[in-house]
Structure formats: structure tokens, C-alpha cells
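> Hints are included, so try docking the two chains, each in its own frame, into the full complex.
Just so you know, the protein sequences line up as chains A and P, in that order. Going left to right, the first sequence walks through residues 74 to 649 as our numbering numbers them. Going left to right, the second sequence walks through residues 64 to 346 as our numbering numbers them.
Each statement offered as a hint is correct.
Derived DSBU-like pairs (lysine-lysine); straight-line CA-CA distance at most 35 Å: (1) A:LYS306 to P:LYS340; (2) P:LYS189 to P:LYS203; (3) A:LYS130 to P:LYS340; (4) A:LYS616 to A:LYS626; (5) P:LYS92 to P:LYS310; (6) A:LYS260 to P:LYS340; (7) A:LYS626 to A:LYS598; (8) A:LYS616 to A:LYS598; (9) P:LYS189 to A:LYS521; (10) A:LYS260 to A:LYS130; (11) P:LYS289 to P:LYS310; (12) P:LYS203 to P:LYS295; (13) A:LYS616 to A:LYS646; (14) A:LYS570 to A:LYS130; (15) P:LYS340 to A:LYS537; (16) A:LYS306 to P:LYS313; (17) P:LYS273 to P:LYS66; (18) A:LYS537 to A:LYS626.
Keep in mind the hints are simulated off the structure, nothing from the lab.
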Amino acid sequence: MAIDVNFMIGGEAGQGVQSAGFVLAKALARGGFHVFADQDYESRVRGGHNFFRVRAKDREVGAIRQEVDVLVALNSESVALHRNELSPDGVLIFDSDKDVDFEGNDRMLGVPLERLAQEKGGNKVMTNMVGLGSAAGLFGYDRQILRDAVTDFFGAGDIARSNVAAILSGYEYAGTAFGSGRLRVLKAVDGQRRILLNGNEAIALGALAAGCKFLAAYPMTPSTPIMEFMAGKADDLGVVVVQPEDEISAINMIVGAAFAGVRAMTVTSGGGFCLMVEGLGLAGMTETPIVVVDGQRAGPAIGLPTRTEQGDLQFVLHASHGDFPRVVLAPGTVQEAFWLTVKAFNLAEQYQVPVIILNDQYLATSYSTSERFDPAQVRINRGQLLNGDDLSRLPPYTYRRHAITPSGISPRAVPGRNGILVVTDSDEHDEEGHIIEDAGIRTAMMEKRLRKAEGLKEEMAGPKKYGPQQADITLVGWGSNYGLLKETVDLALAADKEIKVNMVHFSELWPFPAEAAAEALANAKRTVAVENNATGQFARLLKAETGHAVDRKILKFDGRPFSPAYVLDKLWKEVI
Amino acid sequence: MVKVEDYAGGPTAWCPGCGNFGILTALKKALVGLELEPYQILVVSGIGQAGKMPHYMKCNTLNVLHGRTLPAAAGAKMANRELTMIAVGGDGDGYGEGGNHFLHALRRNHDITYLVHNNQVYALTKGQASPTSDAGFVTKTTPHGSSDPLNALAVAIAAGGTFVARGFAGQVDHLAGLIQEGIQHRGFALIEVLQPCVSFNRRNTFAWYKQRAYRLEESGYQPQSKEEAIHKAFEWGEKIPIGVFWKEEKATFEDQIQALREGTLASQEINPGRIEKLLDALD
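Only chain P is shown next, with the shape it has when bound in the complex (with noise of 0.2 Å):
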């Protein structure tokens, strides 16, 4: 039977009380909930703080560049669909840089469950605007204030997600219950996680969320439409919601590929003689 300690990992570089550490913390408590053992889970993570999570437990990892998470987590999930993929990385890696592969992925349905750690800051580079940072956050390379924040949440309902949460770093077991959610979801599921930058975001601090975030499922909300699962993720203010928006159950980009129907990709013989036939058409 598989253990929390099971994941333990390596020193961390992250600052003490840094939200990671609640996410970690729920991510391995998820994948031991589904009783998943190291070996069966790649996690791909972009660069950032969050970005070096797979470092500090025990699974496969391949750590890629800044904003091509996704790409790589669903290259890989189409070479081998026994792996669970975990994709993690930050709002400047999933929103900014990685903007495109992210409204594409959800759009596909890759079967891959990815978490945001969303602090509304570049940590790493020590303390810049990120596109969700608040409206008129003052940073050095922003001194003016930042540009209006990014809704992802809404973006990805709109841009066709199948499973829309959010969570709270400072809510472990909520947050680990999300993750299982997710992984359990066929299809791509984006969890947001409202992470508290302790070192460069003195704005959107722990207790400043702590105050404001309340559990969708305790608030009765049960969404019918699309339009109401975007019209809730636009609240954002004195309530900050968590829990999950949206849900649907559609085919995966994986079930749709004939190919994968044969087997895992990666264990399937290579066979040159398999071409006869179409240098036979060229004749």
C-alpha cells in the first residue's frame, strides 16, 4: 500500500511558507488517495517556482522549458496513456508564455490534470507583474500598475475544458480532493490554486485569501450551462470561489487517435516491412 512517505523528496529551494508547499503536500495526498505509486505518475513541469515541484517528491519527471508544459505532458501522454500525467507549472508559465499551448490543449482534451499555482507574480525572477496579477499592481517592471488580470478560468470553460476548478493552497485537503477529481476526470482538468506568494506579493497574502475564499459545493452552486459556469468564474473580489465551475464528459484527444486503440504507443514492435505495401503504390 502506497504512503504519503513514499513521495518524500528532496530538499526544497522555495521559501519557508511559500504556498507550494500546501500544494505538494495535497498532490501526493491525492495520488496516494487513488493509491497510485510513484512509478505510474509523470509529472511535467514548466520553469518557475512551481516548476521544480517534481523535484521535491518521487515520480518520473521531465521539467521542460518555461510555458511548453503541455505541449511536452501531451506528447508524452499519447506515447504512453498508462502514465498519469500531472502537468505543473505557474500563471507566467501556463498563462503568459504558454498561452497558446494552454487554450489548445483544453480545446483538444488531452487527458492530462494541470495545476496552476497561481500567485499573481513572477516569484523566480523576484518579483514582477504576471498576467494575473491584480489591476494596478505596482512592480518594477510595471511601475505604472499592471494591465487588467487575465480570467483563465473563464477562458478555459469558453475554450472548451472539460473539468474547471480552483483550489486553495491554504486548503490542503480541499485541494487534494480537487487533484483526485481531476485525475479521475477523462479529459483535461485545469485546477487553479490560489498560491500565497510570501516573498513578492504582499497584496494577495494568505490571510487576504483565507477571508475571501468560500467552497462552491457548500454554496449550493450547481451549474446547468457553460455561461453559468463563466459567469461564476468571474467573481473575484470580497468572495473568491473554489471548488469546481464546470464539468462535462467528452472523448479525449487520446480515445480519438486510432493508433492508440492497438496498445500503448511506446511498447508497440517497429516493423520496416510494414511500408511493402506502400512502395507497392509507387511502383
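So here's chain A without its partners, still in its complex pose (with noise of 0.2 Å):
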């Protein structure tokens, strides 16, 4: 029988919900599972009710569940939030000196979680590691593996080792008081292994092994911990990350550096990006290569900030005035985040243009197993970025840095260089890249940058497909929403109805790979879009590419992200 575990560890803010979650996810990741982990946390620095889900399969796995089949309560009120979630054989391990009202009820399972961190850890903020440990002991799961996974947390001290004393508290005391194996043993399994992380830290990464050297950014959640990744290792891998006065600093900053010759990016939100709008203008206008991350939020204004949503395609498409090309990227996955931001910085350059990578709070922050990345596989392209040779055979100052050529690309210099000058200008500017007003010259440059777009469209990748070939309903999607819609067909097809189900998924928006779309589609029945926003943005993209409108829309806005359960009901009892 499939193995599929879902904890929750709820708290309030400050009592380490964060860290045990981690911690679990981990000691799971490393014991042969294949994890997915949720995190759902407010605007706030202490109180408030926080959750971190961890669901380990023997399978692949990358979207949430709503039924809990373990819920660490670390206080009463995370009982009441989420009792109602548990599935049939679910059980709740709540502090037995808290809350004592649940006797008589088997599946409420107490243990002195608060006490015993006092006792054993030495201190109750380790009221967390005792949950955890709990939640481990009813599974008789690997103490090894929870002990190093502890350990390498917080370091080897006397914290970790403190942590793993109230982990192992928690651990025996479960164990004795309700018998381990009480669910269905988890075993460590021999598996491959496998890298844990989130999908910040799969863009960190590939932003890093694509040889990006500048960050500018301003902190804005949920991209911050991007910046923080990046700033923490920037002494070692040679890389500046600078945190300015405001995010139009920002790209301004990198078009800066861009221009000057190095890979750049900058991180943000959808509100800081407003702010960027017409700094993004300018890398169009200037052909400056940069890449830029919006990691969505629920908007408009601040919105909710701690919380997720695809509201921001329509305005990453269109944002600023004028025309100029772009390209939209939105990874499904975290293998996804870290490829497509390579593939983020070889666009950029190779066709100078800027790119955007579409995150959001939910990819951002939701953690995953993932085949560890083969750097020995990332190929550079750096365009027609000229060398020293290629320079040194033009006679001095003849360079124009916006020469007007068939493909829209102007072989690119950098300043610095004898004989050499590069000019570039945010007015309209000649082949030197000097300011003009005239009206030919206006029309050839215009024409010149829009031409990289058709050369652009050949670099997009169409959508992807799964489930069976000949199905009733197509579901089509877009973004963070991939391992959703993937396993929304698998829980189609095990329902085993005669509706059959499967999904066509986007990565590579912008420009919208329209034949790869509409072939895809080709066959479709009935089209429905899922989507995290309020009026279907990806399907107007598609419609307006494609001509296909889709038949039905779910959509959720509240913030949250989809479960497979949920969008399955959606279509049974409102698609069908």
C-alpha cells in the first residue's frame, strides 16, 4: 500500500513552528521520502496562528493535502483551528497540561509537551522539538536520522544538543504512552537521495550557477529569503548583493551593473514591482539585459502579504509603457525555479531583453524533494557579448552599440575597453546610441527591437501534458500550480469514474508558445483553467493567443493555495 503521511505543527508565531516543520521535513527527505511542505504564516512577528505541513510519500509528491494524519497542537488554539481537518485514522498530539478535556477520545493523544522541553530540553521554547519528537515516536521513525537532522539545524552546541534531548523525550514518550506504530510504520527507506529546499532556494541557486554577480533588491516578502540566500553566501562565490534605499533604486541598480557587464537581478513582490515598472522600461528601451523575480502575492496594494497568488500575470505582461520584448517565466516546481532561472539569464542576455521570473508566495516557501541539480549541466550564453579579439578587429570608435541587424540583436560591448565607447540612451536613440528625434530612425529601431521577439518565440518550450490522451476535461494551468494539477489527475483517475481527466500546463508564458498551445489543445473536450486569482488571467492570455476559450474557470483568491481534493470536488460537483 502507498505510503502518504501529512503532519501539521500549529502555533503561534515565535514558538518554532518554522524550525520543527523543517526539521521533520528533512529527517523525512532523508529518510528515502519524497516530501512536500506548506508553510501558512501572518503579517507578524509573535502571536497570531501559524502552520507548517509535511506530507512524505514513497512517491513523488508536490502539492498539499488538506486531511491531517498527525497534528502537533503546540497550543489550545491550533486544536480548534485544525481538529476538523483530520482524516478518518488522523490522530492530534496536544499538551496534556493544557488541555485536558479530551479524555475517552483515543485519537487525542496527550503528551506534557511544554514540561517535558523544561524538563529535558531545559527550556519551553523547545515545546516544538517535543512535538515533533511525538509526532516521530508514534512511527517508531529513525532516531538517527531525527538527531542529525536536528543537528545539523542548529549547528553542533549545546542547543542541538539540548533539541535532540527534548526530540528524544517526546519520541519515548509517545512511543510508551500510545505504542509506536499506532499508524502505519514509516520506515526509512534506502532511497536515492534527494535535495530538500523551496522554490526561493532553487531560484537562488540557479541565479548563482548562471553566474549571476549583482543583487539589488529591497526586502519584500515572500522574496526576501532570496536576497538573505544569496547575501549569505556572497563573500564566498564573489557575488554583490546590495539592499538599497527602495526598489526603484533597485533595478535602476542592475540595469547599472548589467550594462557594465555583469549578470544581474533583482527580487521583489508584486507591489515592489509596481515600483519597478518603469525601470523595466528602460532595460527594454536600452536593450539591457536583466532579470527581475515577483514572487506573487494577494494584491492589489499590500494586500496580504504573507500570502499567495498568480494575480500579477496580466501586469508583469504589460507592464510599462510602450513596446518592447520580454519573456514571462513561471516554474511549476522547484527543478523548474532552478532551471528556468538559468534559462532566465541565458535569454536575457542572448536576446537583451529583460525577463521576468514569476514566483509565488506558495512555490516560494513551500518546500520539496528534487533530484539533486547537475551544475556540470548548466550551459552559459552570453549572446553576442563581443570578446577582446572581436573588439580589437574593429578599427577605433566605430562601435554602435545598437547596430541595426536582421535578427534585432546588436553584437554588445561593455565600457571599459580602448577604441571602444557604448552609448545607449532611454530617448530613442541611433545606432551609436545617441539621443534622435527622427522619425525614420524612430520607426528602425522600434521595428529592430521588436524583431528579437519573433527569435525569442523559438526559445519557449510549450506546455506540458499528463494523463491520458483521450479525456473528457482538460485541465490547464499555469505556474506554482503544476504538481497541483498533477496530482489532481492522478486522483481523478484512481476515482475511477468515466470522466477521465488530464492537464496541459504552462512555464514559458511569455512570448506565449501559441501553436505549441493550441496543438495542445487540439483534442481537448472541455477546457478548465485553475488558477490562483480572481478572473482567470492566464486564460485571457490564452484566449487572446489562441483564440481558445476555456469552458469553465476555478479560481481561488483567499490567499491559500489548491489542494488536489479540492479542485477534484470543484469539478465533480460544479464542472460535471
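Okay, structure coming up:
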């Protein structure tokens, strides 16, 4: 029988929900399981309610499950809020010194969480680890793996030792009181080792692998961790990470850095991207290669700062006045987040355009196991960046930064070389880069820039299909919903209904791969767009680019991610 | 040997008699005086009449958006420290649209020489009040007169500026000297230039400035503290000081970046294999 266990740790901000959840995810990943873990938190530092879900399967997993098998409630509020989410066999671990009114209910497992933390760990802040240990103890999970996961998290030392003691105290207590193996035994399997990471980390790693040497960003949830990750490695890896005064400064800094020859990126969320729009146009006009990550959260304005949405698609497609080619990529998994970030840097330089990576809070902060990325597979393509030999063949001072070419791509030089002047302007300019107002030159330059889109179209991968070839319903989605759609298709298949469901998923959104899209949807009977936004922004794009109008939309814009069961339920109840 | 003619650029679109000509000449003289060649210079400019300046000379040029001159210049400087970085903009560009960037570029002390062509008016858009227009300056957009002007030099000193000076477009050699000193200064050098606008500012004219400008270095001025320098920056009226108001040595922003110690960022190699150990940590 397939293994699929869903844990949840709930508590208030400051109780270590995230640390315990992460350690659990790590321990399960090291035990050979496929893991998907998401987190839900409020925009506050202390108090409120947070939870961290960790789902372990013996096969690939890329989505959340609403039903919880083991709920570790670090406070009473978590009991109240999530008790009704327990699966039929699910159990709830609560603090028996605090919540004592569950006697007689054998699914409510009381453990003196805070007391054990105080006694064995020496501090009640380790209540989270006692809870985590209790959950692992129910399964008789490998102690050594747990121990190592905690030690790696805290670093060898007294703090790690105390946390190990706290975990083991919960482990022993729950094992003795409730019998290990109460649920299906969750034994470490001898699987392939995988890495465990979230979407933000995957993007940061992709950027570093691609040779991004300059990051300027203003902190904004959910993208700040990309900046923190890179800042933490910057000195070792020879990368400059700058936190300027605002997002406007950030994007203009990376334009300056990229103009001077380095691969440069900024990261933000929709609100910060609003401020960057003018700079995006500058990159378009000056043909400066930059990469911008928009980690979407629920908008408009401040919206729901710590929650997810796919609400920026139409915005990033159209951001800035005037026409210029751009690229929009929206990874569906952590694997894609890594590889599409590499691709983003290549396309930016090959076509001398701004590239936008559409991430969202859900993908950004959800941890997932993945095959280890192989840096040897990373290809660096800097496009027509002229090297010293190329430049020395040019007669002195004849270089033209914006030379008109059939592809629209002008050979690129960077400033600082004798005999070469690199000139560009946010005003319309001539081939040399100097300001002009001439109608003919304006027309030629606009046409030249737009020609780059023709080449770019060839670079864009079409959608991924999954499920039966012939289906009654085709789910259509994009970006972070890849794993969601896939599991929904699997669940539909397992439900063994007469209705067959398959899916088409897009990660490369602009220039839109219209032909591939039309082909993928050619035999679809009924199409249902599944999107984390209020209006079906992708469905609009699809219609505009292919003429295909989806039959139905399943939309969610409460700031929370979809679960496959939710989508399936909507399908059966509202679509069929 | 580099000559002023090597910096000769295309025809200008400035009004005859514009103060910008004096600034352009002074900049070229300063660069030649420092034996810098056009390819070694990057001029990052904003929008306004001042922002057009690099097009009228020979140099690497990044003519950016209105007010965004300093972030772009800072990014380029970090990418290639070997470039002599000159930022150019007007009073509206730098003190209005770019006010926040101005404060923080000063605070961070990027190694940039920043010329602010201060004509106390928006000229490119034909004569509206600017952040430095005299109080009561009546224009079509400020029919009841402009508010009190921004004292950018005092602000610059307070914000941590390490080289704060004022020149006058009507004293080209003196201005060239200030620009030279600014370029040689390690760190952010603000040089505000009194730039008469012959078309839209009938109040602060060449004659008006000429009558008032006096040289600090000839007045025995030698500030011992920022407070004194700020006090001097408030002198504006019958007499207007030009020269260096404040100067101090401080590590530049670029000095403090570890990655820049390995050489020019733009010429460092790309090696994807460097992430292997980061992947180990995710195991």
C-alpha cells in the first residue's frame, strides 16, 4: 500500500513552528521519502497562528493535502482550528498539561509538551521539538536520522544537544504511551538521496549557477529569502548583494550593473514590482539584460502580505509604457525554478531583454524534495557579447551599441575598453546610442527591438501534458500549480469514474508558445482553467493568443493554495 | 596625450548662452587635466537639459530615466570599479524625482562624482518651479509662488556626504578644478553648479550669480566640523559661496564589498560548479 502521511505542526509565531516543520521535512527526506511541505503564516513576528504541513510519500509529491494524519498542536488554538481537518485515522498531539478535556477520545494524544521541554531540553522554547519528537515516536521513525537532522539545523553545540534531548523525550513518551506503529509504520527507506529546498532557494541557486554576480533588492515578502540566501553566500562566491533605499533604486542599479557587463538580478513581490515598472522599460529601451523575480502575493496594494496568489500575470505581461520584447517564465516546481532561472539569464543576454520570473508565495516557501541539480548541465550563453578579439578587429571608435541587424540583436560590448565607446539612452536613439527625434530612425529602432521577439518565440517551450491522451476534461494551469494539477489528474483517475481528466501546464508564458498551446488543446473536449487569482488571467492570455476560450474556470483568491481534493471536488460538483 | 578635442561631441540642442556650455567645457578640461581618456569614463545622466550632456561629448554613456541617475551609476560602478564614474543631472532630476536616491547615495558613499546643474527651474518642460527655485518664484504651475527652496548642500553634508562643493558655470576654470578634485576624491563627490538658464529664469541670471559668487578658498574658510560646513551652506543672498564646503575621508561603499576585492566584477569568470557545496547543504 502506498505511503502518504500528512503532518501538521501548528502554533503561534515565535513557537518555532517553522523550525520544527523544517527539521521534520529534512528527517523524512533523508529517510528516503518524497516530501512536500508548505507553510502558512501571518504578517507578524509574535502571536497569531502559523502552521507548517509536511507530507511524506513513497512516490513523487508536489501538492498539499488538506486532511491531516498527525497534527501537533503547540497551543490550544491549533487544536480548535485544525481538529476538524484530521483524516479518518488521524491523530492529534496536544499538551496534556494544558488541554485536558479530551479523555476517552483515543485519537487525541496528550503529551506534556512544555513540561518535557523544560525538563529534558532545559527551556520551554523546545516545546516544538518535543512535539516533533512525539509525532516521530508514533511511527518509530529512525532516531539517528532525527538526531542528525536536528544537529545539522542547529549546528553542533549545546543548543543542538538540548534540542536532541527534547526531541527524544517526546519520542520516548509518545512511543511508550501510545505504542509505536500505531499508524502505519514509517520506516526510513533506502531511497535515492534527494535535496530538500523551497522555490526561493531554487531560484537563488539557479542565479548563482548562471553567474549572477549582482543582486540589488529591497526586502519584500515572499522574495526576501532569495536575497538573504545570496547575501549569505556572497563573500564566498564573489557576488555583490546590495539593499538600496527602494525598489526603484534596485532595478536601476541592476540596469547599471548589467550595462557594465555583469549578470544582474532583482527580486521583489507585486508591490515592489509596481515601483520597478519604469526601470523595466529602461531595460527594454536600452536593451540591457536583466532578470526580475516577482514573488506574487495576494494584491492589490499591500493585499495579504504573507499569502499566495497568481495575480500578477497580466500586469507583468504589460508592465511599462510602449512596446518592447520581454520574457515571462513561471516555474511549476523547484526543479523548474532552478533551470528556468538559468534560462532566464541566458535569454536576457542572448536577446538583450528584461526577463521576469513569476514566482509566488506558495512555490517560494514550500519545500520539496528534488533530484540534485547537476551544475555540469548548466550551459552559459552570453549571446553576442563581444570579447577582446572581436573588439580589437573593429576600427577605433566605430562600435555602435544599437546596430540594426536582421535578428534585431546588436552585438554587445561593455564600457571600459580602449577604442570602444558604449552609448545608450532611454530616449529613442540612433545606432550609436545617441538621442534622436528623427521619425525614420525611430521606426527602424522600434522594428529592430521588436524583431528580437521572433527569435525569442523559438526559445519558448510549449506546455507539459499529463494524463490520458483522450479525456473529457482537460485542466489548464500555469506556474506553481503544476504539482496540484498532476495530483488532481491522478486522483480523478483513481476515482475510477467514467469521466477522464488530463492536464496541460504552462511554465514559459511570454512570448506565448501559441502554436504548441493550440496543438496541446486541439483534442480537448472541455477545458477548465485552474488559477490562483480572481479573474482567470491565464485564461485571458490563452484566448488572446490562440482564440481558445476555456469552458470553465476554477479560481481561488483567498490567499491560500489549492489542494488537489479541492479542485477535484469543484470538478465533480460544479463542472460536470 | 589626451586633448580637449578628443572629447568633442555632436551638435547640442541647448539654447545659445546656456550655462550648460560652461559646465561641459569644465568637465572636458577636468578630464584632460587628469589624463583620462574617453573610454575610461562612464557618464550616467538623467533627464532634463543636463541629462543630454554626455551626448555632446565623447564618452561611454548611460542616459537613464528622470531621477534615477545615481542608482544606475552606483550599479555600474560596482560592476566595474575601473571606470571613472560621472553622474550628471539637473536640480529637478536629482533633488526632486531622485531625492531619495540622492540621500542614500551620499550615505553609502559610492565612488561617483555627481554634477548637479542647478538652474533653479525646470527648463526642458519650459519653465516650471524646481526644488531649488527661490521662494516666491512665480511660474505657470506655481502662480502663487514656489515654496522655500531645498538646501541640497546642507542636506548632503548632514546625510554623510564626503565631498560637497559648489561651482559656477560662469567660472569654468574654477569649476574644472572642483571637478578634478571631486574625481580624485575617493567616495561620493557632490558638485552643485550654479547654472544660469537664459530662457526660463530671468531672476537668477549670469549677472545675478556673477555679482554674488565668491570663492571659499579665498575667504579663509576652513571648516573644522560638519556643523560649520552646514552653517556655511546656508549662506545665500547678497553673497553666494562657491568652492569646497566639506570634505572628509571615509571608506567607499565599494571598498567594503568583499567580492570586489577579487578584481573587476564584470571580468570575473562564471563557474556553475561553485554551487556544489551549496547543494551539499541541502542534502
